[in-house]
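Visitor: Spelled out, the chains give:
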Amino acid sequence: MTPILQTQKLRVEYRSRELRQGTKIALHGLDLEVCAGEVFGFLGPNGAGKTTTMNVLLGFVPPTSGSASLFGIDVRQPISRQRIGYLPELTYYYKFLTAEELLRFYGKIFGLTRAEMDKRIPELLKLVELEHAANRPIKSYSKGMQQRAGLAQALINNPDLLVLDEPTSGLDPLGRMKVREIIQRLKNDGKTVFFSSHELGEVESVCDRVAIVHQGELKAVGSVSEVTGRHTSLEKAFLEIIGFQSSPTL
Amino acid sequence: MNSPRTFFLLLLALLVSCFGLAAHLQPQFQAWRGSRASGDIFNVVLGDSRRMFANNFFVKADAYYHSGYYPTMFDDTEAFKTTHMAADTGAVKDKNHGDEHGFLGPTRNWIDAFGRNFFPDRHTHLDEGGADDNLGGTENVREILPWLKLSADLDPDNPQTYIVTAFWLRMRMNNVAEADGILHEGLRNCPDSYDILFELGRLYNESYHDLDRARNVWEQGVRLWLKIYPTLDPEMQKDHRFIMEQLTTHLGKLEEDAGNLPHAIDWFEAAQKVSATPAHIQEQINRLKGKLGLEFNPLLKPLY
Amino acid sequence: MNNIFAVAGVVIKELYRRKDFYVLFIVTILICLVMASVNIFNDAKIVRYLKEICLLLVWISSLVIAITTTSRQIPAERENRTLLPLLAKPLTRSQLVLGKFLGCWLACGLTLLCFYVFFGALSASREHHWPLLNYFQAAVLHWFMLGVVVAMTLLGSLVFAASSSNSTICFVVVGSILFVARHLDQVALTLREPLRTVIYSIYFAIPHLELFDVRDLVIHSWPLISWLYFSLALLYALGYVAVFLTAACLVFRRKAVN
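Sequence order for the protein chains is A, F and H.
Under the working numbering, think of the first position of the first sequence as 12, with each following residue one higher.
Under the working numbering, think of the first position of the second sequence as 543, with each following residue one higher.
Under the working numbering, think of the first position of the third sequence as -3, with each following residue one higher.
Excised from the complex, chain A in its bound form:
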């Protein structure tokens, strides 16, 4: 299958603002491929390079070397983002807009016609269960509602690839369940989902394949069962791969 998300020897270095601290390597030659139709979990501890990888894929940060492409188009071309949807980790949207206005704004950027938006926006609001609050300003939303509004904006262009950066972060169990349901529904619709998460149980339940990244390097990649291997759970496999040793006193 042709990969729709691909990185080759991707390297990102940050120059530290502090004097005498030199540069920090965030990604160290990352090779990654995600194929159409799969739900891909991107795992790693804090500071492993997950968000940096997403930032490169979305064109927020230029790679120091190597390459990254979406649908075969270099990520430095804005057109590469025409068929993707993105939900950042912490969602803040224009608080003075209503959910409907927000979706219309993003719809315009994707070049949707008025008729397309009139059809698509109510569908999305229904999907994320925000129809009742469609005309309320976003500043009046709860955190879970804001996260769902964020998910709706990520889907406005009916994307073929969805990039989600810790989509359940900070949500209550009910909110997490709703987000998981939406991901499952997208999977059933044949969409490709690339998401990072700390919730390994969640990853185990929805992902087809996972990758574990640590200190900017890819440590493991494969189906959930391949990565879990001899371990009883993905969590135990994850801890071993990143070299975690529990304290003997505990």
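Just so you know, the hints here were simulated from the structure itself, not pulled from any lab data.
Warning: the hint list may mix true and false statements.
What the hints assert, rightly or not - Derived list of chain F stretches under chain H, where covered just means 3 residues or more per stretch with a C-beta under 8 Å from a C-beta of chain H:
hint: 1; stretch: 605 to 619
hint: 2; stretch: 648 to 655
hint: 3; stretch: 681 to 690
hint: 4; stretch: 710 to 721
hint: 5; stretch: 810 to 821
Said to hold, decoys possible - Pairs of lysine to aspartate or glutamate residues, derived as EDC-like cross-links and limited to a Cα-Cα distance of at most 16 Å, are as follows:
hint: 6; chain 1: H; residue 1: Lys41; chain 2: F; residue 2: Glu681
hint: 7; chain 1: A; residue 1: Lys106; chain 2: H; residue 2: Glu73
hint: 8; chain 1: H; residue 1: Lys9; chain 2: A; residue 2: Glu142
hint: 9; chain 1: A; residue 1: Lys247; chain 2: A; residue 2: Glu228
hint: 10; chain 1: A; residue 1: Lys150; chain 2: H; residue 2: Glu10
hint: 11; chain 1: A; residue 1: Lys106; chain 2: H; residue 2: Asp181
hint: 12; chain 1: H; residue 1: Lys251; chain 2: A; residue 2: Glu112
Think of the CB as a built atom: it goes at the ideal place given N, C-alpha and C, for glycine as much as any other residue.
Position chains F and H against the provided structure of chain A, taking the given hints into account.
Guide: Relative to chain A, chains F and H alone:
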């Protein structure tokens, strides 16, 4: 202890204490010499620094008099040393010289040349029609009044503001009562100003045709001048001779109109002592002496 | 172009949903009404000082709105992380900069329209005539001047991290230009080398915003500015807008936004 009644009584006690304290402090505050409480709003807000702004507003009034065509500190200001609206009253000595029309000088570069298309570009006075050349609308001069009023409010000790305001109110606005009012306000604030007395005398003479009051006021002006002039430093004395010349020549003219020619001659002779153009005054004296039938020897003319 | 208009639309929505504009407008109206009620020697026909005060407030308010609105645009997007979902769309950074500029400039235009309508009503209530072309020239020149200020502030917002420091710097720069730019060449003459050359260079390099301050022409009923020079002034403003926006796009192009 925690009952609402206790809190209510406590609140009442605090309020009574506050009122009592305020009643005790108020007279002391009023008596304090540095208090701004009795002053007007400018005094309360700006204190003595308000005088700095007063001159700006006085100049602003003159800029209005020219419909905005006015030099800045970077331009040639020789022709604007004395505000034209003040010089035109005849009560203020005119120190201007140079080109009134060309204070911007020749264009310096393309930005300067381009910029001159966006500024007022013609010397004009409001009482001569202003920017729109509306010669019938000489009452346009009313537009300088708000700035003069503001200037007078900010610096009540500057007699020139009252004089200029009163002159334009009287001469162009035909508002003699307001002119009278502003001059009396000026006298209350500057009781030793012979400049204001001079303008007040003109108002009585020219607008009310009350020669006696005009004479009294001008004579009071002369008495004040004689008292104050010796106390001034020599440089200041030069400037103050002009107003004495104005007072005495106007008194001379008034006495001439009243038929008191000897008195008139006395005033013109006094004027001659302070005048920058004594020969011109001498002509007046000769004319009056001629009227009186006194002998005038033309051979002595070159001496004057 | 659609993307630019979409971004501009959000900026305009933000302006009229915030309270800054309404506060400044109401304060302007109140001050003007208070000034109009002052009795100056019982003469009700005095009008120019009212026009002066009203226009001064309009100028101050418009500069406050232009600078504060523009300076917070991109820093607020970064701070609130709204920039991330926005740039994850097929929107180039240049389009974002142009959209922000257009939004702020149009918002300033709408604000100016309200202020000038009030100004016209106030002066007509005393003068009983409408010199519409004079008001048109004054308002359009004012608006184009704000275009330069908005573009300059937008560039500043990409150079300086904090919007407050950018606002302060822009206020100082704009104030300095309006007050002394016209005379900088004369100041240069009084200086020694190399300072003279430096000041001369600044004189020729800076946008001469004071050209657009035609309040005196409106207040004192001077004849209209020649339409040729009026058009050249607009071109002059557009030139500087283009310079600042190009610089802003260049700065933003390679900037990491994470």
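Visitor: Taking the hints in turn, state whether each one holds.
Guide: How the hints compare with the structure:
no., hint, verdict
1, 605 to 619, "holds (count 5)"
2, 648 to 655, "holds (count 4)"
3, 681 to 690, "holds (count 6)"
4, 710 to 721, "holds (count 4)"
5, 810 to 821, "violated (count 0)"
6, H:Lys41 x F:Glu681, "holds, 10 Å"
7, A:Lys106 x H:Glu73, "holds, 11 Å"
8, H:Lys9 x A:Glu142, "violated, 22 Å"
9, A:Lys247 x A:Glu228, "violated, 19 Å"
10, A:Lys150 x H:Glu10, "holds, 13 Å"
11, A:Lys106 x H:Asp181, "violated, 48 Å"
12, H:Lys251 x A:Glu112, "violated, 29 Å"
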